[in-house]
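**Q** Note that the protein sequences, when read in sequence, are chains R and Y.
Quick note on our numbering: the first sequence kicks off at 1 and runs consecutively.
Quick note on our numbering: the second sequence kicks off at 293 and runs consecutively.
It is worth saying that the hints were derived from the structure and are not from the lab.
Any given hint could turn out to be false.
To be verified - A few chain Y residues facing chain R, derived, Cβ under 7 Å:
| no. | residue |
| --- | --- |
| 1 | 391 |
| 2 | 392 |
| 3 | 399 |
| 4 | 404 |
| 5 | 408 |
| 6 | 414 |
| 7 | 591 |
As the list claims (entries may be wrong) - Chain Y stretches covered by chain R per the calculated footprint, using a threshold of three residues with CB under 8 Å from any CB of chain R:
| no. | region |
| --- | --- |
| 8 | 421 to 427 |
| 9 | 527 to 539 |
Built from N, CA and C at the ideal position, the CB exists for glycine as well.
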Amino acid sequence: MEALIRYLAGGLSAGALYGLMALGLVLIYRASEVVNFGHGDMAMISTFVAYTLLRARWPLPIALLGAVLFGAFLGALVEGGPLRLARHRRASPLTLVVITLGLALVLNGLAGLLWGHEIRTFPAMVSGPPLRLGPAVITREQLFNLTVGLLLALALYAFLRLTRIGLALRAVTQNPEVARLMGIPVDRILSLAWGIGVGLGAIAGILAAPLVYLEPNALLPLLIKGFAAAVLGGMTSLPGAVIGGWLLGILENLVAGYIATELKTPFAFALIVAVLVVRPAGLLGRPIARRV
Amino acid sequence: MARRIALGGLLAGILVATAFGLPSYFLYVLSLAGIWAIAAIGLDLLTGVAGQISIGHAGFMAIGAYGVALLNLRLGVPFWLALPVAGLLNAGIGLGLGLPALRLSGPYLAIATLGFGVAVVEILRRWESLTGGFMGLKVPPPALGPWSLHSDAAQYLLIGIVLILLAGVARRLLQSPFGRAWIALRDREAAAQAAGISLARYRTLAFAISAFYAGIAGGLLAYRVGRVDPDGLTLVHSIFLVSALIIGGLASVPGAVLGAVSLTVLFHALGGLGTALGWRTEAGDLRHVLYGVFLILAAMFLPGGLWRLLWSGWNRRTRRWIPASASLTSEGGKVHARIGRGPMEAQKGGRLEIIGVSKCFGGLQALDRVSFAVEPGEIVGLIGPNGAGKTTLLNLISRFYDPDAGAIRFEGHDLLSRRPHEIVTLGIARTFQNVEIFPALTVLENLLVGQHPQARVGLLAVAVGWPSARWEEARLREQAWEILEWLGLSALADRPAGSLAFGQRKWVELGRALVARPRLLLLDEPAAGLHPAERHVLRERLREIRESFGCSILLIEHDMNLVMGLCDRIVVLNFGRVIAQGTPAEVAENPLVIEAYLGKPWERNHQPAALSHEEGWG
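Bound-form chain R, shown alone (with noise of 0.2 Å):
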């Protein structure tokens, strides 16, 4: 009983690191219709930036809102540039998919050149000794990451349904045709949903360094699990992503619990296939209709 609340508090935690990488690629996909496979790339090259700013000895909180910052200012610069001058030029999605696995190549190669492939330890947000509530022990590193990730959930809620700019965009992502003509600065809209969702990528890279240590493929398996936490999810919704990232930590620390550690990626994958074959819409996704 004491282990299966361990595993329950361990993958929620994870989850919800999960879900922060669901959230951004959910949120680019929809408003662009690009799988983003950069995206775990883009988180690590701005968990180095943290990295490299707080060896120069820069406060914690300002280190990583840099680095944050950088990776929104990365996304916004992706979509800005490659991806937009692809779409004026009426590329295909193959293209567009394409371009973002350039992009992973790049900025892959760009971390191995400036920092290295030594492995190295990323300081953890918060220490002490674990929590007790009754029979459950949580760690504060866990806790911590839960709450940052739920309250980054909610956040980008509020944002999306009571700010003028969260309406255009949810608009931009149901039809960017009417909303052009709306007088939507649709262009605009779409850095903004890359600038958010790669930001939230790194938030996820930054709290995950800690426990997988960094290198330039180090986060690697966080990206496997943010796209099988999307597709859980239904892989075109917000709240999808979410409770598919706690459900995915759950389960994989499950898996890992009673099974075998080694199976956590494997596992990840194996569920993204059963999901698309038994229920290609995940938990809370749109049906995929086919259109004639």
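Chain R is already provided as a structure; the job is to place chain Y on it using the hints.
**A** For chain Y alone, coordinates are given in the frame of chain R:
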């Protein structure tokens, strides 16, 4: 045939000459290039031809490599057997991974393959008792009888031969019903299914074949490098393969080879430069940056890749004059006599029954208890204002949608228990409102897609170029050619359908429906967009189709001249309901019809004549 032997001889000559003429480091690099070329051809069949991107193909290569290594080390299986076994094992896994492709395409499949590649690496790393973990396994060189093929020249020859054979297989597949089915599904999924191509079967087949190629490439790589380890084939290598395709040119076997060879050679040149400069990991990172930049630039600015660049440069000098338009006039009459006696024997048309069919989209009742029948040999017009539900009804018959209630029968068969690709085999072919031709295929190939259900060829027969496959192809082409001549399109036969004018496309689409030898033809606005002379020809052709093919026709049309002059009976839909049916004269007199088209009768006094000027653009 002579050309093929000559080409084979030329390639073999080049292979042997280079094997003995080049220094062994060059042979080593070219061997690796050949291996990547094999994998790239396989990926091209999936991504370029079938339109399904995979970013986990290195995972398939890794399974091939470990499969060969383990078969050899654990079970003592010789190379010659282990290589095809590993390939087939991969094909099986590819079938499984292709399962999501049954329902979805695009980003979802890319995500699944990404996960696959990463999961494979993870399993290979952790399953130490089997795979040796991070250390990997040593693989002895293949042996041919008493001789061990360990020299660079011998391995180069081996890999070169496999590459040439597999490239030949891929080319034959491309020019067979298989390749055309993949391209048709890639570009126009609905039209491909209506032509009788099973989405599930061909998408998973493409995955399996592609995985087979990757498995062979992986197995060869294990032998060439002499060992396997989990970090040799990762996500980066999967992206490398995609890059080879984009840079070399999609949907082209020479393009895939060109891309893979040039990137591999550059890879080793950069590695050599790095060693010369004393770099440790920088060469690898620099490669990633450069390849990423190449990939983005090629995707944006080099459609068709290097191969098309070379090819169009060559073609510009040698291009032949092609007639801009085909004649659509008189020869129909004399050819149709031959069609009547030839393979297209006159059949009796089939009876279509629509019984109480309803369909709702959200809150919109698109069809409300619609019932009517098309009798054998009849031409029935389906008319009604825009949004009346006409095209929805056709899409229900084609099984793209499921009705909420009702039944649809054709010659006694329950259509609702059939899948979209099975409808044409029952004898129902169709055209689409927005002209769904396959732009990347030639006019003749478009018709060949229409003959898909009649093609009796096996995958293996096509792959090895068995004579039966070639005879079958010749037979299909001959039949398609007859229809082309009858429609007056034979001058355009080798033109890409995407380069045709709008009117010509409609004739191609009609031809594609006709080659399926339907007993019922569904036409969605065949006259829309045609100029008056073409409309006249169309009317004649549709009559002849009924006479010489014995085919019933159900057509949606807004051109009232055509409908009134051609149809035996007319069914009028308005807001999803049948408001009238009968002969053209009866329908034209019907006050409900006049009201639906023109508003209340007392607002306009000249009713039936006005109908004939009504034209709509759905």
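**Q** For every hint, state whether the structure bears it out.
**A** Structure-based check of all given hints:
no. : hint       : result
1   : 391        : holds, 5 Å
2   : 392        : holds, 4 Å
3   : 399        : holds, 4 Å
4   : 404        : holds, 5 Å
5   : 408        : holds, 6 Å
6   : 414        : holds, 4 Å
7   : 591        : holds, 4 Å
8   : 421 to 427 : violated (count 0)
9   : 527 to 539 : holds (count 6)
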